[in-house]
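Could you put together the complete structure from these sequences and hints?
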Amino acid sequence: MARYEIFVTYKKGIFDPPGATAERALANLGYEGVRSVKIGKYVQLEVADGPNALTRVREMCDRLLANPVIEDYRIQVDEKDW
Amino acid sequence: VRFGVVIFPGSNCEQDVIHATRLLGHESQFIWHGDTDLSGFDAIVLPGGFSYGDYIRCGAVARFSPVMSEVMRFAEKGGPVIGICNGFQILCEAHMLPGALLRNSGLKFLCETGPLRVEDSVCQWVDLPGGTIVHIPINHNEGNYICDGETLKRLEANGQIVLRYCEADGTRSPGGSAPNGALDDIAGICNERGNIFGLMPHPERACDPDASGTDGRPFFSAIVEKLAEVAG
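Top line first, the protein sequences correspond to chains H and V. Every position in the first sequence, counted from 1, becomes a number in the working numbering once 967 is added. Every position in the second sequence, counted from 1, becomes a number in the working numbering once 1 is added.
Hints were generated in silico from the structure; no laboratory data involved. These numbers were taken from a predicted model, which means no experiment stands behind them. Check each hint, because a few of them may be wrong.
[As the list claims (entries may be wrong)] Here are the simulated DSS-like cross-link-like pairs (lysine-lysine), alpha carbons at most 25 Å apart as the crow flies:
(1) H:Lys-978 with V:Lys-154
(2) H:Lys-979 with H:Lys-1008
(3) H:Lys-1008 with V:Lys-154
(4) H:Lys-979 with V:Lys-154
(5) H:Lys-978 with H:Lys-1008
(6) V:Lys-78 with H:Lys-1005
(7) H:Lys-978 with V:Lys-109
(8) H:Lys-979 with H:Lys-1005
(9) H:Lys-1047 with H:Lys-1008
(10) H:Lys-978 with H:Lys-1005
(11) V:Lys-227 with V:Lys-78
(12) V:Lys-109 with H:Lys-979
[Said to hold, decoys possible] Residues of chain H clear of chain V, computed beta-carbon distances all greater than 10 Å:
(13) Met-968
(14) Glu-972
(15) Phe-982
(16) Asn-995
(17) Glu-999
(18) Gly-1000
(19) Val-1004
(20) Gly-1007
(21) Tyr-1009
(22) Gln-1011
(23) Asn-1019
(24) Ile-1037
C-beta atoms are modelled at their ideal positions from N, C-alpha and C, and glycine is treated no differently.
Set out below in structure tokens:
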């Protein structure tokens, strides 16, 4: 069993209204020099080991967990036995 | 004409569509999202709502419902399909229409009846002359349409942009007239063939004079005429 952590964010150039709002709010709180605030999604999965495990997780991202039209994702694998 | 109105778990505008289409003199029936038999239906409606709680992304789960493979097959054969609000989101998630619908740029749920401009398009669901201004309610949190530059050019060139948000006089503000921030003020698009139509506004809520006017009626009557032509 390996744990997969998936980070989904908007593609470059896609306006992220919650990120822009958080950026303005941080400025209002007095935090200077904060730029490019992006708000995304975090998905955690545990998947049975197998020769195609990572490929399968990628497929899950492409089909359901992310929308390739507007989003990018990054997968981090933790091989520790869960 | 027999309209089939698909119910997904979380749909909430199916009754409005049934009411509107029956009021206009058509037969209409519900189709459960687990059903796979579309025989006997002339047109399919994916209604508004919050299918699967809008989890993951609006429409992302509903597009894998058993009925959707049949809806795709129906559309491939040229069958008319309309997706309203959440239905539009489902059509985009299913890649039956290009682009995607993001959260409204102002982060607010919008509930208003603003002016919309009908564009000259290939859409089989609309036969109003380009430039016609209609007032149809919008009611959504994720209606901010987006697509890449190439797709936008293609939509424009092929006459696939069907409806745009506009100002009261039909013009578009240089800063954008879409209350949700939609690219190019786009409120509704269709596929190249014109049989698949997705829009954020709710024409079914503007069919009964006792409710919000009758500007939505042509969005159901045009397809009826088109189907009669094909049958005739």
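Hints and how they fare:
no. : hint                       : in the structure
1   : H:Lys-978 with V:Lys-154   : holds, 20 Å
2   : H:Lys-979 with H:Lys-1008  : holds, 15 Å
3   : H:Lys-1008 with V:Lys-154  : violated, 30 Å
4   : H:Lys-979 with V:Lys-154   : holds, 20 Å
5   : H:Lys-978 with H:Lys-1008  : holds, 13 Å
6   : V:Lys-78 with H:Lys-1005   : violated, 42 Å
7   : H:Lys-978 with V:Lys-109   : holds, 22 Å
8   : H:Lys-979 with H:Lys-1005  : holds, 10 Å
9   : H:Lys-1047 with H:Lys-1008 : holds, 23 Å
10  : H:Lys-978 with H:Lys-1005  : holds, 10 Å
11  : V:Lys-227 with V:Lys-78    : holds, 15 Å
12  : V:Lys-109 with H:Lys-979   : holds, 23 Å
13  : Met-968                    : holds, 23 Å
14  : Glu-972                    : holds, 16 Å
15  : Phe-982                    : violated, 7 Å
16  : Asn-995                    : holds, 16 Å
17  : Glu-999                    : holds, 24 Å
18  : Gly-1000                   : holds, 24 Å
19  : Val-1004                   : holds, 14 Å
20  : Gly-1007                   : holds, 12 Å
21  : Tyr-1009                   : holds, 12 Å
22  : Gln-1011                   : holds, 14 Å
23  : Asn-1019                   : holds, 21 Å
24  : Ile-1037                   : violated, 5 Å
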